[in-house]
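Visitor: Construct all of the structure, not just a fragment, from the sequences and the given hints.
Sequence lines, in order, name chains A and B.
One point on numbering: in the numbering used here, the residue at position 443 of the first sequence is 443, and numbering is uninterrupted.
Here the numbering used here runs 462 ahead of the position in the second sequence, where the first position is 1.
Hints listed in this document are in silico derivations from the structure and should not be mistaken for laboratory results.
Just so it is clear, CB atoms sit at the ideal spot from N, CA and C, and this is done for glycine as well.
Treat the hints with care, as some may be off.
Said to hold, decoys possible - Using C-beta positions, here's what the derived DEER-type ranges look like: (1) A:ARG429 x B:ARG678: 44 to 50 Å; (2) B:GLU667 x A:GLN166: 52 to 58 Å; (3) B:HIS634 x A:ARG429: 48 to 54 Å; (4) B:ARG621 x A:ASP235: 46 to 52 Å.
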Amino acid sequence: MTSGAEQWGRKTQFRRGVPVARALLLLALLLGLLPVRPAAQDWFRTGTGLGVKKIRLALPDFAGPAPGSSLGTLFNQVLWNDLEYSGILEMVSKSFYPLPASWPTAPSQLQPAAWTAAPVAAQMILYGSLSQQQSGLEVHAWLNDLGNPAAAPVLAKIYRGNADPQDIRRLAHELADDVVQLLSGGVPGIAQTRIAFTSTRSGRPELWVMDYDGANQQQLTHLGTAALTPRWSPDGTLIAFTCFEPYRGVLSAQICIYSLLAHRLLGFPRFAGTTSSPSWSPDGRQLAFMGSALGGTQIFVSDASGGHRRQLTFVPRTVNTSPMWNPRTGQQIVFVSDRGGSPQLYLMNADGSNVVKIDLPDMGYVIDPAWSPNGQLLAFSWRRPGGNYDLYVMDLASHQLLELTRDAGRNERPSWAPDGRHLVFESTRSGSRQIWTMLADGSGLRQLTTGGENFSPNWSWH
Amino acid sequence: MREGSGRKAAWVVAVAMLALLGGACKKKVQAPLPAAPPAPAPPPPAPTVSLKASPTFVTRGESSTLTWTSTNATELDLEPGVGKVAPEGSTTVSPTTSTTYTITATGPGGNASDSVRITVGPPAAPKLAPGPSLEELFAQNIRDAFFDFDRADLRPDAREALTRDAEFLRTHAQIRVTIEGHCDERGSLEYNLGLGQRRADAAREFLVSLGVTADRLRTMSWGKEHPFCTDHNETCWQQNRRAHLVMAQ
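Guide: Structure (structure tokens):
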């Protein structure tokens with residue numbers, strides 16, 4: 001621990017995310033002290049389902065569509081990866097399974113005893129097959145509760161698509177999401193979600209999107225100036241971002257809106273000075289953003305089309321930026337302000353009233369706040385005195401803090417996945433700015449990009 | 463018959479008449495002269511000389527070329543200030559005031575002279591092509607304002623630079639300026655967009671307070687997206703923490 005940690009206020013506690021055991025203990029204690037909530041809410045509060053035992057799932061390879069088929073291999077890889085990364089399952093290693101000859105591809109072939117016995121000791125089993133039909137590719141999938149072998153499968157479903165890698169991925173993602181939905185008590189899976197980000201691999205910073213697992217990376221803009229800070233609209237059809245466009249002859253930061261349906265930019269008003277960091281209200285009808293006023297930058301709100309612009313902060317010669325609406329209620333906005341000297345986090349009502357500073361036990365430079373989907377947690381990046389930019393999660397009700405990264409490069413701009421269990425962020429830990437994902441307790445780190453500089457990630461709402 | 467004596471007498475008369483006549487037609491036969499002196503030589507030809515100047519109008523400091531030719535001259539003198547010269551030639555002069563140059567050619571046949579006047583005018587008014595352009599003047603005279611880390615307030619050196627900038631801008635009222643705010647790499651992307659704007663606004667406010675008309679000054683921020691250098695040390699970071707003044711087109 002740094003000396004900064006010794007200056008804690010009495011109220012807040014401060015723990016590293018790794019080792020996980022300590023965090024588990026802390027959070028379990030916290031849960032015990034907090035008002036009782038339904039089981040699904042406990043899950044959200046911990047962010048990962050920690051404190052709830054993970055379900056042991058066996059996943060023998062799905063058979064087909066043909067022996068040695070690369071599509072079959074791809075399907076099984078993507079499916080395994082999706083379920084393993086969900087954060088709620090303990091995938092039983094295939095090295096413990098019975099011989100492949102006895103792997104079921106249909107319910108009639110399932111021998112539950114072989115899968116509940118040691119060393120497999122699985123609680124659930126997901127199995128099935130791929131087959132090429134005239135109409136296309138079919139995936140038949142079953143999910144059985146091994147503790148209740150006589151009962152009907154929990155899931156029995158056919159998924160249809162084309163026999164190409166794109167659709168194979170989609171089919172695996174759909175199945176994975178269905179399984180996660182069933183086994184997590186209703187929390188949606190993220191296998192079909194996407195991440196928007198900025199990449200310089202084509203020269204200047206441009207807007208890109210990719211699948212949540214880093215597949216299908218695609219360039220959306222070719223502006224040649226700079227496309228930064230993208231944010232998905234709640235319905236997933238638009239991405240608002242910071243661009244550089246001329247206003248009255250001055251090339252300056254403006255807000256741009258990219259339409260994924262029309263594959264082009266939509267019109268948006270331009271303003272003098274710097275306009276940036278657009279953030280969507282949860283109903284998709286409004287944008288909050290940073291604009292120039294009073295010798296500095298202030299928080300503004302407008303319609304999604306840029307009309308009815310109104311100013312929310314009025315502190316001269318200060319920077320007020322990085323606004324984000326509470327995604328559950330739409331009633332509050334968190335933002336960054338240096339009105340106290342260095343950038344810190346503040347909360348205010350959506351009309352600009354009741355501005356409250358979020359106190360942290362240490363001074364420093366606090367940026368990039370990101371509200372969890374349930375509106376209860378804030379993730380952010382914090383550079384403590386003498387320290388590095390590291391990611392933290394704070395419970396807003398109790399101000400309990402969880403440290404997610406330490407001594408591993410510069411880590412910024414966290415963004416929550418819609419399951420409230422995962423975060424995407426930018427990190428320099430590999431030597432250059434790249435996009436990483438992790439579970440919300442700091443474990444499960446995955447690097448999604450490698451070429452060029454990649455930063456400013458944002459996870460889609462669905 | 464005295465016929466023969468009459469004929470003899472006619473002959474005498476004829477000869478006498480011829481002699482008389484002959485004597486009357488022909489030059490007077492002078493008495494032989496003593497040896498005459500040689501005929502005086504024709505008088506020697508008079509010298510000629512011609513003097514030209516090119517150009518005949520110069521501005522102070524410029525030079526002109528004098529060119530002359532002559533005939534039948536053995537000595538030539540070009541004044542003022544040149545002296546003895548060859549019968550044919552040229553020379554460069556740089557008179558500081560208007561001067562009439564005279565060349566005198568002397569020869570056996572006499573002398574001759576010619577003159578030409580070179581007018582010296584004041585230095586020419588500056589033309590548009592030579593001399594620095596407005597862009598060059600801007601580059602030579604305008605200085606950026608530099609900032610401390612995470613700060614947008616003006617240091618003394620920044621105030622000094624902007625004060626001089628204001629002088630220049632007040633005396634060149636046709637110039638419009640875009641003030642770009644820049645930050646070093648250590649801050650965050652989003653915060654630095656705001657901090658750069660604060661820096662640009664601080665510089666603008668100061669220039670306006672010194673009498674530069676506000677609508678000549680526009681501000682924007684590049685945050686840390688357009689650095690002047692990319693090294694990871696304070697020398698470079700300081701270079702990037704600035705309000706950068708650019709002439710607007």
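Visitor: Does each hint hold? Answer for all of them.
Guide: Here's how the hints hold up against the structure:
Separation of ARG429 of chain A from ARG678 of chain B is about 47 Å and conforms to the stated range, judged on CB atoms against 44 to 50 Å. Remark: the range hint 52 to 58 Å for GLU667 of chain B to GLN166 of chain A is upheld by a beta-carbon distance near 55 Å. Under the hint 48 to 54 Å, the C-beta atoms of HIS634 of chain B and ARG429 of chain A, about 51 Å apart, fit the expected range. The hinted range of 46 to 52 Å is satisfied by ARG621 of chain B and ASP235 of chain A, whose Cβ atoms lie roughly 51 Å apart.
Consistency note: the structure conflicts with none of the earlier hints.
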